[in-house]
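What follows is each chain in one-letter form.
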Amino acid sequence: MIQVNHLTKRYAGRTAVDSISFDVEKGEIVGFLGPNGAGKSTTLRILTCFLSASEGTASVAGYDIYEDSIKVRQHVGYMPENVPLYPDMRVKEYLQFRARIKGLRYRESRRAVNEAMDICSLSEVDHKIISTLSKGYKQRVGLADALVNKPDLLILDEPTNGLDPNQIRQSRELIKRLGERHTILISTHILSEVEMTCGRVVIIDQGKIRACDTPQNLIRRLRRPGEIILEMQGDGEKATEKISKLEGVKSVKKTEIGGKWVTLLIHTDPNIDAREDVFELVNKSGWRIRELASRAASLEDAFVDIVQRPGESTGKTNPVQSST
Amino acid sequence: MRAFLILFTKELRSFFLSPLAWIVMALFTFLNGWLFVGMINAMRLRVSSRSLVYNLFDSGWFWMGFFILFPLITMRLFAEERKMGTIEGLLTAPVRTSEVILAKYCATVVVYLVIVAPLFMFFPLFQLITGEQAAFQAGALWGTSLGLLLVGIFHVAIGTLASALTSNQLIAAMLTFVFVMLHYFMGFMERFGLVSGSNWGDSLSYFSTIEHMHSLTEGLIDSRPIIYYISFAAVLLTITHHVLESRKWRA
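Residue numbers (this note's numbering), protein chains in the order written: chain A, 1 to 324; chain B, 1 to 251.
Dumping the calculated DSS-like pairs for lysine-lysine here, alpha-carbon to alpha-carbon at most 30 Å:
no.	chain 1	residue 1	chain 2	residue 2
1	B	Lys-248	A	Lys-26
2	B	Lys-83	A	Lys-150
3	A	Lys-150	B	Lys-248
4	A	Lys-208	B	Lys-248
Hints listed in this document are in silico derivations from the structure and should not be mistaken for laboratory results.
Turn these sequences into a full structure, and let the hints steer you where they fit.
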């Protein structure tokens with residue numbers, strides 16, 4: 001559905017996207033991740049023919065983005081970052097206008113608008129003026145706009161940006177459902193969302209692709225020591241000392257919390273599960289346990305691990321970064 | 001063509017569904033109504049060898065309104081879309097940039113025509129109320145309407161270009177204001193004595209809006225201003241197209 005080949009975009013004095021290549025197959029939901037300023041929006045804008053690349057080629061839905069720009073735009077539903085809408089139009093009027101300029105005939109457009117409003121649960125605000133809508137509704141109008149002409153491919157640039165947790169959960173469901181009908185390329189910051197909806201993740205940082213895999217594989221690939229959290233009542237000092245001597249334990253960090261309770265953060269070798277040993281030890285010593293849990297690595301950890309810059313993790317400045 | 005019509009209608013709707021067009025129209029008509037009355041009084045006090053139509057469109061007062069009118073109706077065309085970001089949705093829809101430009105441009109020319117249309121009610125109204133023949137002829141009115149159409153075609157193109165150049169509506173308005181005014185005063189350089197050589201003065205007076213209107217308000221239809229305004233508008237719109245396309249590379 002999308003083939004990107006050594007795409008490069010240079011702004012004056014700065015390379016925003018640096019020779020990236022990736023593919024998206026039909027029917028996939030692909031998450032496009034990266035820190036702010038990594039080149040996500042630029043890439044999406046090139047794919048939707050809003051910007052031109054400096055070098056490289058890309059084809060979307062089988063059409064070249066330079067040669068058949070109009071065809072590409074017919075087959076892509078794009079929701080730009082921050083969802084720009086005409087504030088003085090009514091919801092239905094706006095969607096009708098968008099459906100029409102995307103090439104639907106008048107009668108088709110009416111049916112398509114109603115359908116899109118149903119999918120995005122906009123029916124109760126169809127006559128409201130867009131500027132009076134809440135952020136969540138505006139976001140949904142943008143989404144309805146993107147899918148109104150039933151494009152093969154949806155490109156959504158931070159569709160959940162600025163929504164409350166409830167709305168994020170709803171839009172996650174919605175995107176999952178849309179994935180049954182459309183191929184989706186979605187850029188976002190919210191990693192839990194990607195973990196639950198996307199079949200594949202492309203991570204981009206400083207204009208380069210750092211990783212491209214399923215979320216599960218990314219997490220598995222993550223080389224981090226295991227972490228165990230222990231919350232107990234008893235002699236914290238002695239516990240720290242004893243646990244440190246257990247097999248596979250690398251370090252123990254103690255934090256006091258209210259009353260007699262102590263929390264210990266135990267780092268272990270990644271392949272060793274030390275929970276049983278810890279439990280036995282605490283039990284034998286006659287202390288009481290309130291919590292004993294291993295913290296599983298999440299996509300967030302993988303993301304941080306992949307995009308962490310050398311300068312930031314060691315405290316030293318990267319010479320390349322400081323010169324720009 | 002289909003996309004053009006849809007965009008054209010949308011543009012017209014957003015003009016006439018907002019109070020701006022109506023307020024501008026009301027004030028512009030008020031201003032010119034006052035001028036009309038003043039001109040009739042002036043002609044009653046002092047005999048003029050020229051017709052009412054000629055005198056009306058010869059006065060600087062009349063053109064003063066145009067310096068403000070064109071910036072007002074063109075400043076938002078592209079500047080607003082760029083500021084709000086809606087241009088991204090517009091240019092990622094399957095429409096050609098040229099269709100977008102022409103739709104916005106043509107809609108604004110229509111808005112301009114609607115705003116100046118009440119002017120032409122003054123003459124029959126005057127006759128109806130006073131029962132007197134106003135000092136004008138039908139040919140002069142036709143010539144004048146052609147003149148105003150040409151002026152609109154040209155100046156709206158200036159405004160369209162100015163609006164495409166910036167995302168700030170005030171800068172767009174200021175640019176249009178300055179260029180409309182420069183163009184108007186270019187024809188007066190000779191009178192101001194700013195250009196001493198008479199070749200320069202003569203050449204510059206070819207650009208003069210007032211000079212073009214003189215022949216048209218006498219009912220004389222000269223092809224030179226027609227070609228002048230239309231070809232200049234075409235050049236300006238072509239530049240607008242290049243400006244919007246180059247955004248893809250610079251942005």
